[in-house]
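Start from the sequences and build out the full structure, keeping to the hints where you can.
Listed here are the chains, written in short residue letters.
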Amino acid sequence: MSDVGQLATSLRRGTLEFCVLAMVEFEDRYGTEIVRRFGDEPGLAASEGTIYPLLSRLRRVGWLDSKWAESPSGPPRRYYGLTAAGRAALEHFRTEWVSFRQTVDRLVGTGEAA
Amino acid sequence: MKTQYTDVVTEYLREVDLRLAGLPVLQRRELLADLAAHIETERVERGLVGEAELIEVLERLGSPEVVARAAYEEAGPLPPIAAPPSPPVAMAPPPRDRAPWVLPVIGAGLVAMLIMMALCAGLFFFARSGNSPAEPMRMAPQESAEPVAPPAPTPSFTG
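Those protein sequence lines, which keep their order, are chains L and B.
Counting from 1 along the first sequence, just add 7 to a position and that's the residue number in the working numbering.
Counting from 1 along the second sequence, just add 1101 to a position and that's the residue number in the working numbering.
These are calculated hints, taken from the structure and not from any lab test.
Even glycine gets a Cβ: it sits at the ideal position worked out from N, Cα and C.
Mixed in with the good hints, there may be bad ones.
FRET-style restraints, in silico, Cβ to Cβ [as the list claims (entries may be wrong)]: (1) B:Ala1153 - L:Gly12: 23 to 33 Å; (2) L:Asp72 - B:Val1126: 16 to 26 Å; (3) B:Ala1153 - L:Thr117: 39 to 49 Å; (4) B:Ser1164 - L:Val105: 18 to 28 Å; (5) L:Asp72 - B:Ala1153: 29 to 39 Å; (6) B:Pro1178 - L:Ala95: 16 to 26 Å; (7) B:Val1126 - L:Pro83: 38 to 48 Å.
Just so you have them, the derived chain L footprint on chain B, three or more residues with Cβ under 8 Å [to be verified]: (8) 1121 to 1133; (9) 1147 to 1154; (10) 1157 to 1167.
Written as structure tokens, this is what we have:
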């Protein structure tokens, strides 16, 4: 894997899952909907198919729950929603992320005031 | 009909499935169901009509290798007795992220650890229940700190 790909992988690790949590913070969304959204963001997910194992893990750790529902236009959809634990994890991440980002910005020289 | 389109999908899902042999069966089934639902949703909601369009959907999902690798990464540490040893695939064995001996070794280590913990707990309980209330007996430190380590059981399920 190239260095660029390696960096993207490293940066994704530990952050992508909170992007997923934030996506379902206010309303439940179905898998394909989540995957399409990430497909629109360059460099966020390695490929669309890698989102499903991530959703599975977030469900297994109790941050998401899921339920299948009929779709008006296609096959049944699996809707994901945030659990109370997931909500708490997302809030915790937001706090940590801001201070983390500020520190990195300061040290690397990427902050606006740097 | 849609058989010619589903052929490529069936083949793709089979290729993914072949690479998931080390995962717990429910996670494996879940991922395949999710992928199948995704492909079908894309096909219906986007009104895809040709195999080429369906292949694009599969390409966006990623190669079976990439998807399987993500599945293993997200599975985390697998339970000690994860799966019966899968029979080796006769043709074109998929690249595996883990060496085949890793699971049995981890399993044996976990079993040994559980036995040690059970021994410690038993020792502790025995020492407590043997105490007279008036004069609690202190546990001999070397005894509690160093329970006799049982020999690690040789795994019978070497894969």
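Comparing the hints with the structure gives:
1. Here the CB-CB span from Ala1153 of chain B to Gly12 of chain L is close to 27 Å, well matched to the stated 23 to 33 Å.
2. Separation of Asp72 of chain L from Val1126 of chain B is about 21 Å and conforms to the stated range, judged on CB atoms against 16 to 26 Å.
3. At roughly 42 Å, the beta-carbon separation of Ala1153 of chain B and Thr117 of chain L lies within the given 39 to 49 Å, and the hint holds.
4. Between Ser1164 of chain B and Val105 of chain L, the C-beta spacing of about 36 Å breaks the proposed range 18 to 28 Å.
5. Asp72 of chain L and Ala1153 of chain B have their C-beta atoms about 37 Å apart, which keeps the hinted 29 to 39 Å range intact.
6. The beta-carbon spacing between Pro1178 of chain B and Ala95 of chain L, approximately 24 Å, falls within the hinted interval of 16 to 26 Å.
7. Between Val1126 of chain B and Pro83 of chain L, the C-beta spacing of about 22 Å breaks the proposed range 38 to 48 Å.
8. For the segment 1121 to 1133 of chain B, the stated coverage by chain L holds: 3 residues have a C-beta nearer than 8 Å to a C-beta of that chain, and at least 3 were required.
9. Under the rule that three or more residues need a Cβ within less than 8 Å of chain L, the assignment of the segment 1147 to 1154 of chain B is violated, with 0 such residues.
10. For the segment 1157 to 1167 of chain B, the proposed coverage by chain L is satisfied: 5 residues have a C-beta within less than 8 Å of a C-beta in that chain, meeting the threshold of three.
The structure fails hints 4, 7 and 9 (numbered hints given earlier, in ascending order).
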